[in-house]
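Residue numbers (our numbering), protein chains in the order written: chain A, 1 to 388; chain B, 1 to 388.
To be clear, the hints were calculated from the coordinates, so they are not data collected in a lab. One or more of the hints may lead you astray.
Heads up, the list lumps identical chains together, so a pair's fine if it works in one copy or across two of them.
Listed below are the simulated SDA-like cross-link pairs for lysine to any residue, each with C-alpha atoms no more than 25 angstroms apart in a straight line [what the hints assert, rightly or not]:
1. Lys99 / Arg154
2. Lys99 / Asp311
3. Lys99 / Val338
4. Lys214 / Thr63
There are 2 protein chains.
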Amino acid sequence: MPGAGVPSAESGLTFQLSKNDGSARLAEIHTSHGVIHTPVFMPVGTAASVKSLTTEQLKNLGTRHAAPGTDCEIILNNTYHLMLRPGIDHLERLGGVHKFMSWDRAVLSDSGGYQVFSLAAIRKVREEGVEFRSHLDGSLHFLSPEKSIEIQTRMGVDIAMAFDECPGHGSSHADIERSMELTHRWAKRSLAVRRSPLAVFGIVQGGVFPDLRKRSVEEIAAMDFDGIALGGIAVGESKEEMFDTIRLTAPLLPADKPRYLMGVGTPEDLVNAVDAGIDMFDCVMPTRNARNGSLFTSIGKVAIKNARYVDDEGPLDPDCDCLTCRTVSRAYLRHLFVSGEIAGLVYNTIHNVWFYLDLMRKVRQSIASNSFAAFREAFLLQFAREND
Amino acid sequence: MPGAGVPSAESGLTFQLSKNDGSARLAEIHTSHGVIHTPVFMPVGTAASVKSLTTEQLKNLGTRHAAPGTDCEIILNNTYHLMLRPGIDHLERLGGVHKFMSWDRAVLSDSGGYQVFSLAAIRKVREEGVEFRSHLDGSLHFLSPEKSIEIQTRMGVDIAMAFDECPGHGSSHADIERSMELTHRWAKRSLAVRRSPLAVFGIVQGGVFPDLRKRSVEEIAAMDFDGIALGGIAVGESKEEMFDTIRLTAPLLPADKPRYLMGVGTPEDLVNAVDAGIDMFDCVMPTRNARNGSLFTSIGKVAIKNARYVDDEGPLDPDCDCLTCRTVSRAYLRHLFVSGEIAGLVYNTIHNVWFYLDLMRKVRQSIASNSFAAFREAFLLQFAREND
Chain A
1 MPGAGVPSAE SGLTFQLSKN DGSARLAEIH TSHGVIHTPV FMPVGTAASV KSLTTEQLKN
61 LGTRHAAPGT DCEIILNNTY HLMLRPGIDH LERLGGVHKF MSWDRAVLSD SGGYQVFSLA
121 AIRKVREEGV EFRSHLDGSL HFLSPEKSIE IQTRMGVDIA MAFDECPGHG SSHADIERSM
181 ELTHRWAKRS LAVRRSPLAV FGIVQGGVFP DLRKRSVEEI AAMDFDGIAL GGIAVGESKE
241 EMFDTIRLTA PLLPADKPRY LMGVGTPEDL VNAVDAGIDM FDCVMPTRNA RNGSLFTSIG
301 KVAIKNARYV DDEGPLDPDC DCLTCRTVSR AYLRHLFVSG EIAGLVYNTI HNVWFYLDLM
361 RKVRQSIASN SFAAFREAFL LQFAREND
Chain B
1 MPGAGVPSAE SGLTFQLSKN DGSARLAEIH TSHGVIHTPV FMPVGTAASV KSLTTEQLKN
61 LGTRHAAPGT DCEIILNNTY HLMLRPGIDH LERLGGVHKF MSWDRAVLSD SGGYQVFSLA
121 AIRKVREEGV EFRSHLDGSL HFLSPEKSIE IQTRMGVDIA MAFDECPGHG SSHADIERSM
181 ELTHRWAKRS LAVRRSPLAV FGIVQGGVFP DLRKRSVEEI AAMDFDGIAL GGIAVGESKE
241 EMFDTIRLTA PLLPADKPRY LMGVGTPEDL VNAVDAGIDM FDCVMPTRNA RNGSLFTSIG
301 KVAIKNARYV DDEGPLDPDC DCLTCRTVSR AYLRHLFVSG EIAGLVYNTI HNVWFYLDLM
361 RKVRQSIASN SFAAFREAFL LQFAREND
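Pulled out of the complex, with its shape left as it was, chain A reads as follows:
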């Protein structure tokens, strides 16, 4: 079996679980670009840019009033976007993603699989890999497990994801099974070409079918990955199906590796998934919602364009220590948003990303003090209230 027997210790990553509180876990991931405290949220830096923010801003979202520990310690980059633009040859010549975007902390990249199946025009899925056309210019490209890991290696990321097939929700048991088995074969091939110090995470598939999810966990867990991700989640299934799958799968994952729930989700989703034993998250929600004027606060969502904020001198969220909440008012944020000012998108993004990072800090704090269950209950109650 290719890749088996390559010890994780050869990767640049170590995982130290410090404690459990119920199923919630407190841990540290050590990389050559710093320590990541989990549970962690990873802002999405699609094309080597967390949308609307300079790297300097991403490093300084809070004010000096802010509680320590909310810093952004890791971001996600999209292999698909970066292989198309600027292109991996350019990116490698320029010294990799860290140097490219002037980011000295950790980077995780996805494998490109999800975007190939959701953005590109697919020509052919074969055992070997996927031939697809760029959504930018129609040019023809090819991704395979080997090719994806090679690209992620050349990007210089700290954590790479194995290349997987991402079927949408609604496929039959037989189709999901076939796809899952392909993903398993691709997982072995991804692992076989891992070269130190790159860490590689495997991806569990299996749709909403408990038997398939169980089999997928068993097979992926048996391989020597540095961490394990749940893929094929939040692809159209109901919230109930999503959490059934997470609660079924998470306890089966090895305790000594980080667990990553890909592409999820709302603040409530994150808190509930931590409760199920998940350590890592990424989602475009904070950055995308910011650009739509939908802002997360300690008392629920705020639609900043609402006319009720026209004379509102107060901060967006009085409980927030981000730069936005500490320097400008709801009235000003509304004005910038309705005026189409770029600075409005920037202020909104600073706040939303901070909100997610700060929520994870509070989650970690509550696990450390064995009070995660109480924290979760209070958070869900408070956050849901204003949403009604």
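Given the coordinates of chain A, work out where chain B should sit on it, guided by the hints.
What follows is chain B alone, placed relative to chain A:
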């Protein structure tokens, strides 16, 4: 004559001329929101936002490597834009523009005149004032000298501009004369309603006609304004006509008041206008060009989308201490720009605004050391070179 006899000392502004180098002047303007070192460039914060930048960024454009003295000490706000959105009642309730945008340094506002004549649909220009329709929603509004000064007072700015008529280039001598005389009568009415501590600047008109410009300077200089601006410049006339007008007019202006050239211009224009004795400038060029990917550097303009920068690891401008040049490469700036990333506009704006502010710092330094003529010659030579 209404307004005559109101001493400038009652305004919150004092002007201290420290030295001349040829016709170039080094001075300080003291306001209740800090000292402004002139010659100065004022970034344009149209709708209470210097486009693409948060207020925090505007205060921290440079890095710690940067020479002191490049800080942004004053910005311009547009009365026309702010009276339409959020509206003066809201803005006043919210504590004025400084509090609104969290800016504790000086603000100069224009009178709204220029935008009324360039953006709005004009219903009627009467002796009393101008009736116009908003370019946003077609709503009907009225601006007069009294109304404009009242609005600027309620905005809480440090320096207001008298309300003037802004005819385009190409009008006849008779039309420009008629318009100029209206501007003079409006200047008196603007001054009559000035209330301490608001400083008000008068505006010289007269188009490209030397006899009219001379008359306009005489009339405006005879009024008790806190500073004098040249208006109706860069409205379609040739560069030669523009500088003929500036060189004719500037020496006729009172030496003991700040001289402000409205809406100008390129870096070369600023240096040449300082040479003619101008102290203050504003222009949308650095911010607007930044959004178009046109960047000012010590060796001329850079069109950042150019394919030649795809592998360019160097800083945008090796001689620049702005945050952009000290943290990211030309290759990254090109990538962000061609990818349509908001952060690209932010990085570009940081650099362009810094370039203008830093140019003014160098201008001041050279005047202080009696070497402005040499500085100007070297700058024009170096800056023009790459433009060819």
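Results for each hint:
1. Taking the shortest alpha-carbon separations for Lys99 and Arg154, only the intra-copy value of 12 angstroms comes in at or below 25 angstroms, while the best inter-copy value is 48 angstroms.
2. Taking identical chains as interchangeable, the C-alpha atoms of Lys99 and Asp311 lie at most 25 angstroms apart only when they sit on different chains, with a minimum of 13 angstroms there against 43 angstroms within one chain.
3. In this homomeric assembly, Lys99 and Val338 come within 25 angstroms of each other (Cα to Cα) only across copies, at 19 angstroms, whereas the closest approach inside a single copy is 36 angstroms.
4. Neither within a single protomer nor between protomers do Lys214 and Thr63 lie at most 25 angstroms apart by alpha-carbon distance, with minima of 45 angstroms and 53 angstroms respectively.
Of the numbered hints listed earlier, the single one contradicted by the structure is hint 4.
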